[in-house]
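Visitor: Residue strings, one per chain:
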Amino acid sequence: MAELLQLLIYGIVTGGIYALGAIGISLIFAILRFAHFAHGDLMTVGAYLALSAAAILGLPLGGAFALAALLTAGIAVLIDRLLYRRLRASGAVVLLISSFGVALILRSLVQLLWGPETQVYETAITPPWRLGELRIRPVHVAILTICLLLVSALHLFLTRSRTGKAMRAMADDPDLARVSGIATERVVVWTWLLGGGLAALAGMFLALDTRLHPLLGWNVLLPLFAAALVGGIGNVYGAIAGGLVLGVASELSTLVLPAVYKPAVAFAAIVVVLVVRPRGLLGGR
Amino acid sequence: MTLLVAHGLRGGYGGVDILQGVDLRVAPGELVVIVGPNGAGKSTAMKAIFGLVRLRAGRVVFDQREITGLPPERLVPLGLAYVPQERNVFPSLTVEENLEMGAYVRRDDIRPDMERVFALFPVLAERRRQRAGTMSGGERQMVAIGRALMTRPRLLLLDEPTAGLSPRFVDLLFERIRAINREGVAILMVEQNAKKALAMADRGVVLVGGANRFEDAGPAVLAHPDIAEMFLGGA
Amino acid sequence: MELVGLASFLVFFLTLAGIYALVTLGLNVQWGFSGQFNIGIAGFWAIGAYTAAILDTPASPFHLGGFAMPFWVGALAATLLAAAVAFLVGVICVDLRTDYLAIATIGIGEIIRLVLKNEEWLTNGVRGIAGIPRLFEALGRSGQALAFLGFVLLAILLVYALVERAARSPWGRVQRAIRDEELAVAACGRDVRRFRLESFVLGSAIMGFAGAVHAHFVGFISPEAFDPLFTTFLVWVMLVVGGSGNNRGAILGAFLVWAIWSLAQFATAYLPLAWAGRAGALRVLLVGVLLQLVLLWRPQGLLPERPPPPVVRRDA
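Chains as they are written, first to last, in the working numbering: chain A, 1 to 285; chain B, 286 to 520; chain C, 521 to 836.
Looking at chain A on its own, in the form it has when it is part of the complex (with noise of 0.2 Å):
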């Protein structure tokens, strides 16, 4: 029973980094029509720069959270303004095989800059808390309490501001927004700034909870597209209840499968969502 309560709390910490990345391929697959497959690779680079950014501008850590997430938040753009802006007209596929491309070369400048070894932010080493057998690790808290903040802030954002709103009505329906009158290009800007920043933070978020490697982001995408998935394409809250699926999916998957062979859950859930429920548990496109 412990163990298992134990392996739910990994499970959740580990949803809420996922939500935080499927948000992102969420939104684009909805507004901009194509599976992003960089999306790993914009955490990674997001996680790297952080470590720099502590490292050279000697900022805490959350500083150099905040300032790595955003400088990740204006790459996105820039690829976006260089490349799959160009392409959008060319189609889904051109778009998918363009940013498959970027992922790779994403991940070259991070062994290029950084180097191909594993590293780790410096933090404070802290004793997990002990609650009966539960063990608690207090990093753990502060990521799942940073989630939730980020989440929430989310929610507000797409509720309250014209430009949230007019984000869940693009990806809703691209077409409608364009008749609607809605600037769509402004729109899509928005999107990438939320998609690249959020990504930067799910790839600290999981550095801080792992190591950091050139391959962070990468090994973690197809659990990303599988939260996105089964969330349904487009839906936010989806991505976020998709995420927390995954996460805990993955980590329960242990109990009766080698924990090599976790990635296979998201592999299947893929399979599952798409097979059975195309539109995913929670509604979308």
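Honestly, the hints are just simulated from the structure, not real lab data.
Just to be clear, a hint being listed does not mean it is correct.
Listed next, with one range per pair, are the computed distances between beta-carbon atoms [as the list claims (entries may be wrong)]:
| id | chain 1 | residue 1 | chain 2 | residue 2 | range |
| --- | --- | --- | --- | --- | --- |
| 1 | C | A779 | A | L113 | 23 to 33 Å |
| 2 | A | I56 | C | F587 | 52 to 62 Å |
| 3 | C | F786 | A | V120 | 35 to 45 Å |
| 4 | B | S421 | C | D711 | 32 to 42 Å |
| 5 | C | R617 | A | L70 | 29 to 39 Å |
| 6 | C | R826 | A | R88 | 23 to 33 Å |
| 7 | A | P258 | C | F607 | 21 to 31 Å |
| 8 | B | S451 | C | P690 | 41 to 51 Å |
| 9 | B | A404 | A | R88 | 39 to 49 Å |
| 10 | B | R372 | C | F740 | 54 to 64 Å |
| 11 | C | R617 | A | P258 | 27 to 37 Å |
| 12 | C | R713 | B | R372 | 22 to 32 Å |
| 13 | B | A410 | A | E3 | 49 to 59 Å |
From the three backbone atoms N, C-alpha and C, an ideal C-beta is built for every residue, glycine too.
Dock chains B and C against chain A, hints included.
Guide: Just chains B and C now, kept in the frame of chain A:
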């Protein structure tokens, strides 16, 4: 004085020209109905005016201003609004949010216009917090038209607003469309319910094979023996 | 001496490029013909390589077998097993939309990689399988290399003839029609699912065969010997550069991109020592940029797809 002049429209999707030289004119405050058999290019003509179909030839002038080929986001601020036949609401947005999105181009106070839409379609006021995707086809059509009215357009393009609706809704919707028109909004409408639509139209335009075939006052089109037989299913 | 070195490098280069050309032809069957997006290429390649390795090596305590079979048995089994796995995957996945299939195939490639890495009884895990016999050993070192190159070129010719025939047959026409207008084909009463499955299986079988050839060329394989994601990516760049849908383009793209890759290898050899460890990343960056440039300025590739000549119906 005309509000909209579309002249010699040619174009379509891919390499095929669906429009083979269509002319359309709408005067301020006028209600014009386009009828014709399937594949005549009625919807395509509307989309071409609204910048959604690439034109190979022809011009579109709105309020003395050339708008040929302008994208929708440039047309909405000029006073044009368009309601597509299908997929014309944002399903996951509430009724109120749908109306707000219609007013996206505006920066001033939109509440009076929202109240105007609610006065026109009281059922929407009751359901302002309901998601549009959960509403019936007729109610969705009201949301769609309401959304288009939020910019106070001078010309409203309606693509088959009553398609697939129950007769009760068809009559209600026609009556509302007429009310909108009486407030001074010019309307260009494609409609399958040709009899009812032509009966209330100032002018009817018959399109066949992507070209103008016939044009007259609405009821006169209805009365024309050939037209009646050809497109209105006799009877 | 220099000349001999250059000649033997050229043979080595052409052989590897040729193996890539086989894989690219396989991808062209899936993507160029019927528009199926496969990001699990390295997985099918690896299935072929491991099947041949396990069957053709002498008995070993480190992994299943080996069974010391002749090359042709291993190659045939590699082709069939890759086809069988593709069939299983295809039954579940071929109905998916292009982008969803792409996502699903990441998972397939990943799972294949994990199995090869972790099932030590089968594959010796990360330590890999060594001692895969080379072909034409009787011919001496340089004769062997030349003969192998000849064999690879012959294989390309045969596979090219096969897929070109397939592309021009009614079967190939249906494939392209499915790619361009799936609904219309379905409306004509064609079993879209079956056609898609067939091209997915055929393409994967070719990749499996190429894997067997590759295993016998390098003599040693391991899960990390080649970066699976990068292999997949390189094959994609080859097809896009050469021209999707054009079999000659696929071959041209493979040789050209492999040439660029090899030249970059020479160039990065001159990097300062501190950067030597990062030369690989620099080359990947180069190929990534190349892909973007092609997509932006020549999306149809060097040899664009040509519509096949119209069919003259004799029975009409």
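Visitor: Could you tell me whether the CB distance from F786 (chain C) to V120 (chain A) stays inside 35 to 45 Å?
Guide: Check passed, 36 Å falls within 35 to 45 Å.
Visitor: Could you tell me whether the CB distance from S421 (chain B) to D711 (chain C) stays inside 32 to 42 Å?
Guide: Holds: the Cβ-Cβ distance is about 38 Å, inside 32 to 42 Å.
Visitor: Using the beta carbons of R617 (chain C) and L70 (chain A), state whether their distance is inside 29 to 39 Å or not.
Guide: Given a distance of about 34 Å, which is inside 29 to 39 Å, the answer is holds.
Visitor: Assuming the hint says 22 to 32 Å, is it satisfied by the Cβ distance from R713 (chain C) to R372 (chain B) or not?
Guide: Because 28 Å falls inside the window, the suggested range holds.
Visitor: Please check whether R826 (chain C) and R88 (chain A) have a Cβ separation lying inside 23 to 33 Å.
Guide: holds, 27 Å
Visitor: So the hint says 39 to 49 Å: do the beta-carbon atoms of A404 (chain B) and R88 (chain A) match that?
Guide: Taking Cβ atoms as reference, A404 (chain B) and R88 (chain A) lie about 41 Å apart, which means the hint holds.
Visitor: Measuring from beta carbon to beta carbon, are A779 (chain C) and L113 (chain A) in 23 to 33 Å?
Guide: Since A779 (chain C) and L113 (chain A) have Cβ atoms about 28 Å apart, the given range 23 to 33 Å holds.
Visitor: Quick check: does the Cβ-Cβ distance between A410 (chain B) and E3 (chain A) fall within 49 to 59 Å?
Guide: holds, 55 Å
Visitor: If you check the beta carbons of R372 (chain B) and F740 (chain C), does the distance land in 54 to 64 Å?
Guide: holds, 57 Å
Visitor: Is 41 to 51 Å right for how far apart the beta carbons of S451 (chain B) and P690 (chain C) are?
Guide: Given range 41 to 51 Å: holds, Cβ gap about 48 Å.
Visitor: Verify the CB-CB distance for I56 (chain A) and F587 (chain C) against the hinted window 52 to 62 Å.
Guide: About 57 Å separates the Cβ atoms of I56 (chain A) and F587 (chain C), which means 52 to 62 Å holds.
Visitor: Is 21 to 31 Å a correct range for the gap between the Cβ atoms of P258 (chain A) and F607 (chain C)?
Guide: For F607 (chain C) against P258 (chain A), whose Cβ atoms are near 26 Å apart, the range 21 to 31 Å holds.
Checked against the numbered hints above, the structure breaks none of them.
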